[in-house]
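Student: Chain by chain, the residues run as shown.
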Amino acid sequence: MKILTCPLNGPRNISEFVYGGEVKDMPDPNTCSDKAWADYVFYHDNLIQIVKEWWLHAPSGYWFIAERHTASDEIIKTYDPSEIYNTRIEFSTQQEERA
Amino acid sequence: MKPSQRLNEPMGLLIDRNKPVQFKFENQLVSGYAGDSIASALIANQSWLMSRSFKYHRPRGPLTMAGQDANTLIQLGGEPNVLADRQNISQDIQVRGQNYNGSLENDKDAVLGYFGRFMPVGFYYRSFFKPLGAWKKWEGVIRDKAGLGVLDLNFKPEYYDKKYLFADLVVVGSGPAGLAAALKAADAGATVILVEEQTILGGSLTYNRFDIEGKKAQTLRHELLTRVTEHPNIQVMTDAVCNAWFTDNYLPVIQGKRMYKIRAKECILASGAYEQHVVFRNNDLPGVIMCSAATRLIKHYAVKPGNKAVVLTGNDEGYYTALDLLEQGIEVAAIVDMRAQAQDPILFASVAEKGISIKQGATVYEALATKGNKHIKGVDIRQITGKGQVADTAELIDCDLLCMSAGFMPAYQILCQAGAKLSYDDAAAEFNLSGLPAHLYIAGSVNGIYSLDAVLKDGEKAASEALNSLGLSTEPVADVNCDKKVNYDWPIFSHPKGKDFVDYDEDLQAKDIVNATRLGYRDIQLVKRFSTVGMGPSQGRHSALPTARLVANATDRSVTETGVTTARPPFAPEKLAHLAGRIFDPYQRTPMHYRHLELGAKMIPAGHWQRPAYYGGAGERDKCIQLEADHVRNKVGLIDVSTLGGIELRGPDAAEFMNRIYTFGFLKQPVGKTRYAVLTNEHGVVIDDGVACRIADDHFYVTATTSGVTRVYREMTKWNAMWRLDVDILNVTSAFSAVNLAGPDSRKVLEKLAPEFDASADAFPYLAYRETNIQGIPARLLRVGFVGELGYEIHVPAQYGEALWDLIMQAGKAFQIKPFGVETQRLLRLEKGHIIVSQDTDGMSHPGELSLGWAVNRKKPFFVGCRSVDIMMAKPMKRKLVGFRLPADSAKPEEGHLVIEQGEVTGNITSCEYSPAVKAIIGMAFAGIEQSEPGSKIGIRVDGKMLQAEVVSLPFYDPKNSRQEL
Amino acid sequence: MNMSDTQPSLKRSLLYRTTTGEHYKQQDGGMLVAQFSANDAEQAKRCGLLDLSVARRTGLRGKNAPSVLSEHLPGMANTSVIQANFAEQLSTGEWVLRLGKTEYWVLSSLTGTNASLDALDQAASQTADCYPLYCQSSHAWFVLTGDYISEVMAKLCAVDLNERVFPVGKIAQTSVARVNAIVVKQTYQGIPAFSILSDSSSAEYLWLAILDAMQEFNGQAIGADVLTV
Amino acid sequence: MPFSLLKYGLNKDYPFEKHADLPAPCELKPSYDVVIVGAGGHGVATAYYLAKYHGITNVAVLEKGYLGGGNTARNTAVIRSNYLTNEGVKFYSESVKLFQQLSNEFDFNIMYSERGQLTLAHTDAAVRGFRQRAEINKHFGGRTELIDPQQIKELVPCLNMNPADMPILAGLWHMDGATARHDAVAWGYAKGATQRGVELHQLTEVTDIDVENGKVVGVKTNRGNIKCGCVVQAIAGHSSLLAAKAGFKLPISTFPLQAMVTQPVKPFLNPLVSSPSLHCYVQQTSRGELVFGGGSDPYPLYNSRSTLDLKESLLANAVELFPFMANMRLMRQWAGLTDMTSDYSPIMGLSPVDNYYLDAGWGTWGFKSTPIVGQTMAQLVASGGQVPDLIKPFAMDRFDSFAQVNEMGATAASH
Ligand SMILES: Cc1cc2nc3c(=O)[nH]c(=O)nc-3n(C[C@H](O)[C@H](O)[C@H](O)COP(=O)(O)OP(=O)(O)OC[C@H]3O[C@@H](n4cnc5c(N)ncnc54)[C@H](O)[C@@H]3O)c2cc1C
Ligand SMILES: NC(=O)c1ccc[n+]([C@@H]2O[C@H](COP(=O)([O-])OP(=O)(O)OC[C@H]3O[C@@H](n4cnc5c(N)ncnc54)[C@H](O)[C@@H]3O)[C@@H](O)[C@H]2O)c1
Ligand SMILES: Cc1cc2nc3c(=O)[nH]c(=O)nc-3n(C[C@H](O)[C@H](O)[C@H](O)COP(=O)(O)O)c2cc1C
Ligand SMILES: [Zn+2]
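Protein chains in written order, with our numbering: chain P, 1 to 99; chain V, 1 to 966; chain W, 1 to 229; chain C, 1 to 415.
The shape of chain P in the complex, shown without the other chains (with noise of 0.2 angstroms):
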């Protein structure tokens, strides 16, 4: 089985976590087209790379990236959110611009 290695609790058996699916930029509800909004929901690169992903660590609850290579499931690297995720994220109200 594939070890997993939790930047919180170390090395760990794959099946100790949970898939997040992936890292992807969510853009802004009240202005982007139907198009870019269906696209952010159903469609995915799904390609042979390295992706950014999310990943928890169910017994301790913890969140944290991996760059997992989509082929060989080398895993190049995890890290905490933080490291992408490092301000506070606002939405804003364009109630107009809504039909």
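It is worth saying that the hints were derived from the structure and are not from the lab. Careful, some of the hints might be misleading.
As the list claims (entries may be wrong) - Derived DSS-like pairs: lysine-lysine, alpha-carbon spacing no greater than 25 angstroms straight-line:
| no. | chain 1 | residue 1 | chain 2 | residue 2 |
| --- | --- | --- | --- | --- |
| 1 | W | Lys-45 | V | Lys-163 |
| 2 | C | Lys-266 | V | Lys-137 |
| 3 | C | Lys-153 | V | Lys-156 |
| 4 | V | Lys-497 | V | Lys-484 |
Go by the hints and put chains V, W and C with the ligands onto chain P.
Tutor: Below, chains V, W and C with the ligands without anything else, positioned relative to chain P:
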């Protein structure tokens, strides 16, 4: 059965002559010794026939004596497909042959062998289906012939378990290569696990002859074993099969009734090589065996494999075998060497000296059989005239044993599972392995190294590589070379009459392989799938090499280009019992669980929990539910809702966070109030709901559905890993135990329970949240109305759950309190028109379809799924969840029945019950949008008949909600 | 005798029906098995299991958790920083577990009054950016003792818990018999032990699974007294 | 013995004709009317119906590996039509009907075996869902019933009715449920197509797509470039990779799906049995082996390695369902790559590139659809892009309009 004949000591490494054991084979008593395999005991009694082959029901006996072939699959009591050459005997076991019709000796289906030519490769694709419908008849006939052993359907599983092990290094295989590797690594300080499939250590050292005198193996083995068994760093596992390689050196090892899962930093595969058979007519007769099988019989079991032997070889090993046979008093009628000359002239000379007739450049063209193909009785020997070609003149020799060795195939399976590549070396006529992943090494004959000194060096070399990787050494690693050639390049002699088996498991002959390519199945993978070569229980250990050669030859490709088919786990067949082990199926219990049982509840699963459906016998469902419902409507009832999910949100951003997660607005939710909370996913589909309590400005307690809470909690924490709001999110599901105390008398019960608490309507109004202390138990109280009566959800720390239940039941006695179950609750909430997410919703339901628009706040900037909800709600709606009713005496629709409009399916029933309060059948259903207004009719098909139900507005019961707000 | 016959308190381990013994005692407002049999001391050294679920523990997390801890837990005063996934026994007897960046659990010493834990809870609930956890109710607390503890755990858990790599004070947050658990290596009265803290709702399941794994080593339930006297 | 076998026995020179089933390799032509990428069942079925019904034979089927070596070789061959949505049931029912004729149509026995499929409900939610599926099936003429535990016991007496403390409450008994020799389906189609003039090129990988002015004009392969009038991509687990070469993304993620097989034993299990709650289904093949399948791997991956943990959990559940199977021995474990959509329905029809037709998103359920896919994709190609009604609901742009065809409930672990 004939009397047992055994050789003298020191032959018989594995048996204990002081411990006789008796068992039954085909109802006949057989005697052997402790340590005997079933096969060795049978052969000691000169009983070679053990089973019948898959297709032609040919008599079969051992081939390898090492569990590498499928010729000895027998039935052990109720257990099918047991390897007779791997399974040790024990007192009184009952053994039978397999796959025969009548008796093992006289198998009526053996006649199939004579019809072989009517059954060319893939014949079943070409027949049995004309005219249309014919196949239905033939299918049954063919199926009846399928399979090998017979399963005992009443067998009760035994105690099997699993264990994890950890080591710096695992060495698989304890031949000279493995022993040398383990010792070197252990000496350097690595912790080593040495895994050996056989019951003793030593591998080929236990049966193979490495020198003319026949002393070397024993001396070396003794020396290595002494060091290994005394070494504190080496843990030895024998009778233990490493059954696969999984990513990151995760190795399942099966030993006894346990599967070990070893995680090793480094791994050395020293798994040896399989001796290969020669393809000629009747090469499957009992008495035709591998050279190593003969020496195993002699040295492991002290069993004399025959009286007059012929050795057919393509390498020098056959000469050593001849010496072993001679030494034990077995006449060697001839050595038939396919090569023009032996590699080692000294060996040749010393064998010739003993007077053995050596026929060079010759082969066995056909083995001659006793009646019924039960045993070999002689061989037809011919000069080889070209690749696979022989002369017309034959020499016939009588014999009762033929030992063969066409060469060796590395035990490549586990390495290929790890991603290694096989390539064929034309000069050596053998496959090599390359391209191993990091931390996996290879040593010995699996690495194409065959001379003993080089094998030992190769083991040490692999150990150095592992030690370097462990940081325990920095020694430079030098290549090991070996020029010993062991493979003859074309040991395949097709015979016009066939029965020249390439694959014993599947009864495939040389022409079957060639014909598959001629039909157009040229790729080795297509050959496999069309002919089934390599698909039997031994998974091509012996057929892979000749098949690759035959296919390459037939399609004008190199053997490397042709390759072999993919090796997949497991290495050796593994029992499901081993894989299942102790079946860990965690379950959850609410603190009140045993109270429900005591009260006679009918329990139903809810995720990993059990919940009372209702209290009463399984046959009394409707009656129990209606009585319980009636009781809640008129008096007071109590239901355990501990399985409800609970999540706490604390911190300055708690309200902001709630506002982003749920559809409703939460910024302005007053402290001390509860609010319905709906959750959509990013697709805009409703996936969960609950009640949010605002305990303080910066503190929310929100419930979630039993099955949804884990997911909701995970989503929440993931979102906040992005949003970085100042909020602490905690799943408190198991921390709280909860009940819903409901019914007109519930306030009285509460007052009795907590006299100091002001439960009056003014002090504790509908939808309020309060905290109090119930006789020493800290409690959270939610005034909610899921079932539509005055009622209180009471949440307490789980350790007080049972006490709370007891206290309420006691306090409620005066008011005739009764427990009620989930099914009753479902009826009660249906009467109130409340949905249950996942029962009244499906994977497509957006809030609009569920009439939950009121619970969606579109003034706020964001909630998860908001944009998707907008997109969907902006489109014309096609269906809607509606309430419907039918007269009490109507047929009752069941959940899942269809709503049909003019022959088109427009929806389905999601909930439906007879309501004693409404005195009608009521329900909810998805209906086409045209039929969704109250007053419309919807057609429901029940048991093939259409009913017309009336769409009504919700709720069904107490439309003004006055009862819950009392 | 079964504890359900004697259980008078409101606070109950979710397991109390399953744990039996010769003597029971009050602990932190609940009952637990004080002595399983006269053989407890022997058994504990070899392979024992006990349920401390009613015994006092608490937890807190948040940016200010470390300062609340050092201010309100007297034993913390002269304790150096604890690494994540390590535990330390304080001079006052409590075990402090650090589970995450800002998450700490405190297991009571089993002997004192636990006044310090009460004070800690009190302080935590009054401090901004410090959140009390509910591990007293959300988790069961088992202690597995004796010479075979890592062998027993190797049948249930995929993390290497051998002394060599998992010395006293180390914590693994992992899966035990497929339920999430916190495993802490400790010693009690010189006996090697693992505290296993796991979801209280599956306590009964896990207890039985551990006992099943202990069979091979003649493992048995024991009472809590062996840990303290 | 059927008469047809006699000729083999009486004739020495079997096979009578070289390449009787599949043609010898040949050179690629510079151009074709239709290029079909992927010689799985779907690709060769499309080619077959193009040739048979539409007279279009200037067709090349390009396959990077060997014929039928993708998921067609790996699937557990469950054929059924007891889906949940109207669209799904209509579509799969047509497929089942076609399957029943295939052997005779091909003159090649695909060993279609009508065993019936039994799906087990352990929760009342499952009972509701099954009832709905039974009703929808009946509505469209399928043979499916909701049956009670007693009837289940009669159908499969060796089943444990209380596996893993999850009592079996009801069953969905789908009499049309069947299985077939999966490889033979691909071979039969390939045989029929190539005999009608279609070219099958194995070991030919499409490496790029040539698009001009929004329209496909050719493909690049490891054996050279070819021009073409249109392209059908039918490459299952690799769908997104090629679509990217054509310049667009798909609403697909690729997950491994594993299966495994035991040693053969004498027949004892007739129906196909599936428990979605226990993530396990099983059937006994005509050779006597048990073939097991279960849930997809937990994360996306382009790698068909197998894992121990899936095998352990799947077979633990198998032993719960059939305790005596503890005594059986597993022989092989493998995996395929499945192209999963979020609504568990396929993607068929037009793509953002003109003349580039999609057959993708078949996830874990596309073997059973092979014949109807072939027919409808052939119609689509032959008509120059008129989407047949039967597959209109499966257009890719349903995702853009948030109009999914949700088959999740009818798909999980029952194939
Ligand atoms: C373990 C497992 C069990 C399953 N069980 C069932 C079941 O019981 N019932 C059911 O209905 N379905 C089942 N499925 C799903 C089913 O197998 C597939 O949906 C179906 O086989 C798809 O057929 P296909 O022809 O589209 O794809 P495939 O058979 O995968 O064929 C696609 C071909 O395209 C080739 N290819 C890919 N890229 C290129 C390229 N660039 N150039 C050239 N060629 C290329 C591949 O090599 C492959 O041969 C299962 C799948 C798996 C993995
Ligand atoms: N006569 C023969 O059949 C034969 C076969 C192989 C090697 N040899 C000779 O032996 C020498 C090579 O020695 P070696 O050490 O490379 O091989 P070896 O055959 O001596 O040892 C390999 C050992 O690995 C064990 N093994 C293989 N796969 C295993 C698994 N998955 N799990 C557990 N155990 C497993 C085998 O039981 C065997 O004991 C050479 O001189 C060679 O000529 C002879
Ligand atoms: C329905 C079915 C039955 C199978 N039966 C066998 C079998 O009896 N023996 C065998 O070795 N493999 C069997 N296989 C597995 C194939 O050998 C092979 O593993 C699978 O097609 C995947 O290919 P690969 O392993 O070459 O990647 C079977 C596969 C399927 C789909
Ligand atoms: Zn699947």
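Student: Hints first: check each against the structure and report whether it holds.
Tutor: Outcome of the hint check:
For a cut-off of 25 angstroms, the pair hint linking Lys-45 of chain W to Lys-163 of chain V stands: about 22 angstroms separates their Cα positions. For a cut-off of 25 angstroms, the pair hint linking Lys-266 of chain C to Lys-137 of chain V stands: about 18 angstroms separates their Cα positions. Proposed proximity of Lys-153 of chain C and Lys-156 of chain V is supported: the alpha carbons are some 18 angstroms apart, at most 25 angstroms. Annotation: proposed proximity of Lys-497 of chain V to Lys-484 of chain V is violated, straight-line Cα distance about 36 angstroms (limit 25 angstroms).
Violation of the numbered hints given earlier is confined to hint 4; every other hint is satisfied by the structure.
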